[in-house]
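Chains A and B, in that order, are what the protein sequence lines are. Each residue of the first sequence is one higher than the one before, starting from 61 at the first, in the working numbering. Each residue of the second sequence is one higher than the one before, starting from 2 at the first, in the working numbering.
To be clear, the hints were calculated from the coordinates, so they are not data collected in a lab. Glycine included, C-beta positions come from ideal geometry on N, C-alpha and C. Watch out, some of these pointers could steer you wrong.
[What the hints assert, rightly or not] Now the stretches of chain B that chain A is said to cover, found in silico as 3 or more residues with beta-carbon under 8 Å: (1) 36 to 43; (2) 47 to 55; (3) 61 to 67.
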Amino acid sequence: MKIHTRPEIIIASVCVFAVAWPDLVFAAEQASQAVAHAPAPKPTRADYPVIAGMSARTMAWGLGQMHLYLAAFVLAVPLFSICTEFLGVITKDERYDTMSREFMKITMAAYSLTALVGGALTLALFIFYPHLMGYLLKVFRGQMLIYALLFGLESITLYLYYYSWDALRYGNRKWFHMSIGLVLNTVGLTLMFVANAWVAFMMSPAGVAADGAVTGTVWEATRNPLWNPLNLHRFLANIAYGGAIVGGYSAYMFLSEKDPKSKAHYDWMGYTSNFIAIVGFLPLPFAGYWLMAEIYAYSQQMGITAMGGVLAWLFIIQAVLIGTIMLAANYYLWCGLMRTDRGSQYAPYVKYIAAVIIAGFLVWVTPHSLILTPAEIQVLGGSHHKLLGPLGIMPAKNIAVNLMLVFTFLSFQMFYRSSRIPTVSWAKAGNMAIVALYVVGCLNIIGAGIYGYITPTVYKVGASVPQVVTTLSIIIFAVIIDVFMLRGAKTVTVYWGRMSERSQYALFVMPIAFTWLMGLMGYIRSSLRTHWHVYTIMRDNSPEAYIPTIGQAGNTITAITLAFMALMVFVFWLSRLGTTKQADPHQSEKAGRAKT
Amino acid sequence: MITALSLRIDSVGSKVRARARENGMLANRWIVLAAALVFWAVYFHTIDRVVMNGQGLPVGIDLMPK
């Protein structure tokens, strides 16, 4: 075992310290640079190459977004693949292992595309924005070489992890296989953190003087104010996104397969994928909230650009898409109740959960300020509607999103319980404790929201934190009570595959909505820099140094989303093709002869 | 009067205990519900205060700004 772990420790250490490593490697170089540092370049319009009238920004945008989608997917899947593999070892259930391998199979098909698009993006950036890239190279110095090294390491460990699956399947070898997966994930996450540092630096530069001269170390530039909020947000979003994409794959396979055994397998895979997507998604609004709070803390101007100006309308579209994701995830869970004979017992509660989720959705999409004609303003008596106006501000939206999350968890809990009958003597008391937890918790969420209306702004913002803590408390305590209560529970057969076909379309809705949402929010995040390449440090003087209109952005993002989904369908088809075997024509001839 | 009341309470208590034994429960479910409601209310009220104070927002027992 010792022999096995040594190289992994070395590789893992390299990955973990990769971010800070350039400081050591290039210490001498830094010393000389610290003496004579130049300010950030000030390119003129003529310094931006124009090639065949192409829009440089649209090209970089499209390639960057596509690379982000693919990278998010290929980084996320190994993260939960290793978890399901570990579950397979613990539970000794082969299904987990088979599923984990299948998760990785889809990743393998997407990996080369990720590298291809990443290469094209790098080329586009260096061709169209040479001064910016030169400046970033100066700030991050050897870190970009480390990134390239990590990418190579990621490829090696990914191939090793996938192709050694059957060779290292049982006993101690399995643990060795999982440790390869661990190294793969460490490298993958480090890659993401390094890339996030560059993007976050462009928004909240650190380690540089006001004129852009490099004054700090690579680590100082890396650990800029928005780096960690972005890391957390992307980490969670990637898991949710990866879960949603493999959910789409499971639905594709469920609908394609005719064999009941295969259908059962893909139904179970779809359920697990949906679960992964929900687990990643539940804490995501809170991570987003932290990111936004840090943006405000870094620059109030930037925060107001995001949420107080025209971009605020995109948060309404965001609400529509998140509402769609929640409705789809819940609908899938409700359909799942038909997999057990006891599931119908829970059906009467579905309409109440649906009512809460739809009400929350409607509150979330209600805008505060309306675009009105003077005549409409006169009729209304102001720019805000008397009844709907209060629903447009954050306290109401915080109530809505927290209740939607709580009730989404309730849908999952119902499905989980539909296949288990508790046998402990205190089962009824336990149920009452859970009922009380939900009732008081929901009242607390609503109360904290109303509290926001009657207190000053600082308390209004502060009151959203107890709401988050309440939501998390409900989920954690309900899980704890359930774990104890369902110990030794009588299990009921779950008929995997006994699922309506329409439920599978909910699994298709989720990756589409996620992809669109990611593109939309990426546009907001990038637009916050307004006319700066590096906020307040290096000005963007290109002809396209303006925030695109919402219509233009919407069209671009939709086109990228469609292109990505087409690519994903190709990846799914490719994965299916890999398992399709042509019938041997000689054998059928032989069979024909034998008959005659 | 007090003796009669305590006897009455005792009789209700024994009925509840008997019913709980029949149902195989630790206690009557409605009593558990009431106790759980109080418990969670105290828990969330405490958490709210701790979280608000933790953010540097002083609040009174009624959670209103001090």
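For each hint, the structure was consulted:
1. 36 to 43: holds (count 5)
2. 47 to 55: Since 4 is at least three, the answer is holds.
3. 61 to 67: Result for this restraint: holds, n = 3.
Every hint, counting from the list given before, is met by this structure.
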